[in-house]
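Engineer: Each chain, written out:
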Amino acid sequence: MSLSAYSKASSPAHFSLFARTLHWLMAAGIIAMLFIGVGMVASVSERHQWLIQIHKPLGVALLVLVCLRLVRRLAGGVPTLPLDIPSWQRLAALGSHILLYVLMFAMPLIGWAMVSAGGYPVTVGSWQLPAIAPTNAALFAWLRGAHRYLAFLLFATVLLHLAAALFHGWIRRDGVLASMVRGR
Amino acid sequence: MPYEPKSDARPLDARQICLRLGAIGAIVLFSGAAFAYVGGWLDPNRLTPDRVVDALETNSGVHAGYRRNHAKGVCVAGHFESSGAAHALSMAAVFAPGDTQVIGRLALPGGNPYAPDSSVPIRSFALQFTSPNGEQWRTGMNSMPVFPLATPQAFYDQQVAARPDPQTHKPDPQRMKAFFGAHPEAEAFLRWVRTAKPSASYATESYYGLNAFYFVDSEGKRHPVRWRLVPEGAAAAPAAQPQHDANYLQADLEQRLATGPLRWHLWVTLGQADDSTNDATKQWPDDRPAVDAGTVVITSSASQDEGPCRDVNYDPTILPRGIAISDDPLLPARSAAYAASYERRTSEGPPHNTMSSSPSNQSEHAQ
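These protein sequences, in sequence, are chains F and D. The first sequence begins at 44 in our numbering and counts up by one. The second sequence begins at 45 in our numbering and counts up by one.
If you're looking for bench data, these hints aren't it; they were derived computationally from the structure. One should not assume that every hint holds.
[Unchecked claim] Covered stretches of chain F (in silico footprint by chain D; criterion: 3 or more residues with CB under 8 Å from a CB of chain D, positions within the stretch not fixed): (1) 87-94; (2) 136-150; (3) 156-165; (4) 210-223.
Positions of the beta carbon are idealized from the N, C-alpha and C atoms, including for glycine.
With the rest of the complex left out, here is chain F:
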């Protein structure tokens, strides 16, 4: 991701409809995914089965969306933050957005690799995807742990992102939240 994402060069005045649609689709998908994931591994009922049937295709859909989204971001840029934002907040915004992008790629890829390493067929709906990791129990265990703890990290980052967005919208009222809600 470009570190110049917050520079003034080539920054649009607001997020396009395409960018906002991607953002809100993925926001809904990621939050649903986090709750589905944490719910399915805590259930022994039939819920366990149908949540997995949603978890895998939704994960693939989010992987496709984040690819589109990264291309859009690198090509279209993002609006600059207001000039009076302290530098530590600017840094935190940049850092948390990089982390969000890394996790949005990592989570579905780790999930896919984990199923592969466990020797399971990678079935998504009625599709069979290729394995992207060798069958290896130690690798499976490592990826399984990573999938869990990075999901917790992603949830915490999403909450931080949400709190910061509301801080901009309700307290600073500086147009940052509005840029993603209304596009201006």
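Position chain D relative to chain F; hints supplied.
Structural biologist: Frame of chain F, contents of chain D only:
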């Protein structure tokens, strides 16, 4: 282009800022609490896969690298020779005429990988069929025709009731009696177990899939089925004799395989519309039609510490197109609990047989 400061936004007073900060904090806290609730952390009584596995570990101890249930076993390999007879009922590639590679595991129920072979009268057979198209069918079968209990909660309660007494290191008979008194559905199993003897061989046992499934044919029609493996040409299972040691099953298996492959027929029983598919404690009536789908041919065995079955989670919900789970509540519970066991044991590294250096072949008497 930087944002323009909003000229119409009146400055907030301290009280408004506090209120709004409080609202943001409340939203974050509520979201975190909802996540914790869904994850089962707020409800210590919810039956989760980890709690099922915890109960198994409490009863049998933690044996690093080993399965938390059916911990003692042996890997086997071979193939399935499909007769083609089940292909009209299920479009699964495994049922088309021809051979499919299988990796299996013969085992004892219970969480102790060092349990004497005569400690339980039950043996189990798990199989993984891998079709050339990459699809897999995994199934775990047991040598009894019915499961004692119908629900995951009852299975968990049974583990709690069977918790070994600290003095005797055995389950408290009173508590077990009280448990089965409260679970009349276990009657068919208890009737079976009263006459069951620990068999001296894995090879002479029949193994029952216990749970109902659906076969889906090429027109999408679903047929309720149950399957079992029936040994070919084997004499009735002999009971273990007093001269047998603690690990006679593996030795017997190796001896038999040295003289040729072992064969089981895969019989698929078709349920009728009103046969229940959600109760593993009951068999379907004897007159239901059955199809001989083919023969499982086992040609080799290997230690479970290094063999090809070691890293396989025999999750019975891993199915090819053409087989689907039924509404039996044990199936999702098996899938979920096996996954928890698999995660634990793979993160512990490969099993280390701590008994292999000590003589484990001391005379051990069958009941």
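Engineer: Does the structure break any of the earlier hints, and which numbers would those be?
Structural biologist: 2
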